[in-house]
Amino acid sequence: MSRTQILDREVAQAMSALSAASKKGLGDPVLAELVMIRASQLNHCAFCLDMHLRLARKSGESQDRVQLLDAWEETEDLYSERERAALALTEAVTVLTGGVPDEVYERAAHHFGEAELAHLIGLITAINGWNRLMVSRRVPPGGYQP
Amino acid sequence: MSTQTSTENTVGYVPEHTPRMQFAQHAPEVYKAMIRLDAAARQGVDPTLYELVKIRASQLNHCAFCLDMHTKDALAAGERVERIVQLSAWEESRHFYTAKELAAIELTEAVTVLTDGFVPDEVYERAAKQFEEAELAQLIAAITVINAWNRIGVTTRMVPGHYQSGQHK
Numbered sequence: 001m002s003r004t005q006i007l008d009r010e011v012a013q014a015m016s017a018l019s020a021a022s023k024k025g026l027g028d029p030v031l032a033e034l035v036m037i038r039a040s041q042l043n044h045c046a047f048c049l050d051m052h053l054r055l056a057r058k059s060g061e062s063q064d065r066v067q068l069l070d071a072w073e074e075t076e077d078l079y080s081e082r083e084r085a086a087l088a089l090t091e092a093v094t095v096l097t098g099g100v101p102d103e104v105y106e107r108a109a110h111h112f113g114e115a116e117l118a119h120l121i122g123l124i125t126a127i128n129g130w131n132r133l134m135v136s137r138r139v140p141p142g143g144y145q146p
Numbered sequence: 001m002s003t004q005t006s007t008e009n010t011v012g013y014v015p016e017h018t019p020r021m022q023f024a025q026h027a028p029e030v031y032k033a034m035i036r037l038d039a040a041a042r043q044g045v046d047p048t049l050y051e052l053v054k055i056r057a058s059q060l061n062h063c064a065f066c067l068d069m070h071t072k073d074a075l076a077a078g079e080r081v082e083r084i085v086q087l088s089a090w091e092e093s094r095h096f097y098t099a100k101e102l103a104a105i106e107l108t109e110a111v112t113v114l115t116d117g118f119v120p121d122e123v124y125e126r127a128a129k130q131f132e133e134a135e136l137a138q139l140i141a142a143i144t145v146i147n148a149w150n151r152i153g154v155t156t157r158m159v160p161g162h163y164q165s166g167q168h169k
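Going down the list, the sequences are from chains A and B.
The letter at position 66 of the first sequence is residue 66 when you use our numbering, and the numbering goes up by one with no holes.
The letter at position 112 of the second sequence is residue 112 when you use our numbering, and the numbering goes up by one with no holes.
What the hints contain is simulated information worked out from the structure, not anything from laboratory work.
Some clues are possibly wrong.
The list that follows gives simulated cross-link-like pairs (lysine to any residue, SDA-like), each with its CA atoms no further than 25 Å apart [what the hints assert, rightly or not]: (1) K24(A) <-> Y31(B); (2) K129(B) <-> R157(B); (3) K100(B) <-> M1(A); (4) K32(B) <-> G113(A); (5) K100(B) <-> G44(B).
Please take these sequences and the hints and turn them into a complete structure.
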């Protein structure tokens, strides 16, 4: 049975506004792609992975940093402390059923100002939203052109 | 429902926590987009059903603020206490719900715990049998939106207990 590909225009526009406002406020497009790739890995979103891997490659992100993202905790020298704090927060907010532990939140708060942190949380929330919309409707990968 | 619910019968309880941050204040444009998204996603979704969906997702995501809000909203809208209480054990209390509600609740669980793996065909198909395509698309959007609020609520540790029904409508 094929799944619906309907996505209400207003929902799509509001989702885009959510992503855009979050990315703008975070002010770190390189980190934003890493966060979106990592969340999409955890949520198994094929469309989102394809899209954000392409975007990362296009923006000049190194192949190593993209390929080893799934094992970022074991690859200390590839990612900055700030990026690692953001990735740890991404994982906690994405999995969520275990809460967002104080040490994870505080580690992020140590590296990001309050406004930056709020926008990082917004971005993690937004990509989790896109992941849900795409996985639920089984939108095939490959449809996105940068 | 009143703010009294958070102050009465609380002798001996541990003190209330403070939120980690004031999210709307630090990311006003993000917050505005969330409000817009919320309004867009609820179009075409039955309000009674949507409260059940919001409560179930908030249970799975342990969002205390969201549970406070949506249980109060559901009760204010005339929802039965039993249907709210039984929601976390809906598989064992199926006769409290319609087939349509059960399909929506099951879909809610699959879309919410996405890290455990995908949205199974049988879950999707049960929902597709109960909902017309456009309605199903909106239900998916609605489940997505409560999951988004849950993420913001849990991460910023919003404080439950003070919500008054209708406050955010």
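Now the hints, each set against the structure:
no.: 1; hint: K24(A) <-> Y31(B); in the structure: holds (13 Å)
no.: 2; hint: K129(B) <-> R157(B); in the structure: violated (38 Å)
no.: 3; hint: K100(B) <-> M1(A); in the structure: holds (19 Å)
no.: 4; hint: K32(B) <-> G113(A); in the structure: holds (20 Å)
no.: 5; hint: K100(B) <-> G44(B); in the structure: holds (15 Å)
Consistency note: the structure conflicts with earlier hint 2 alone.
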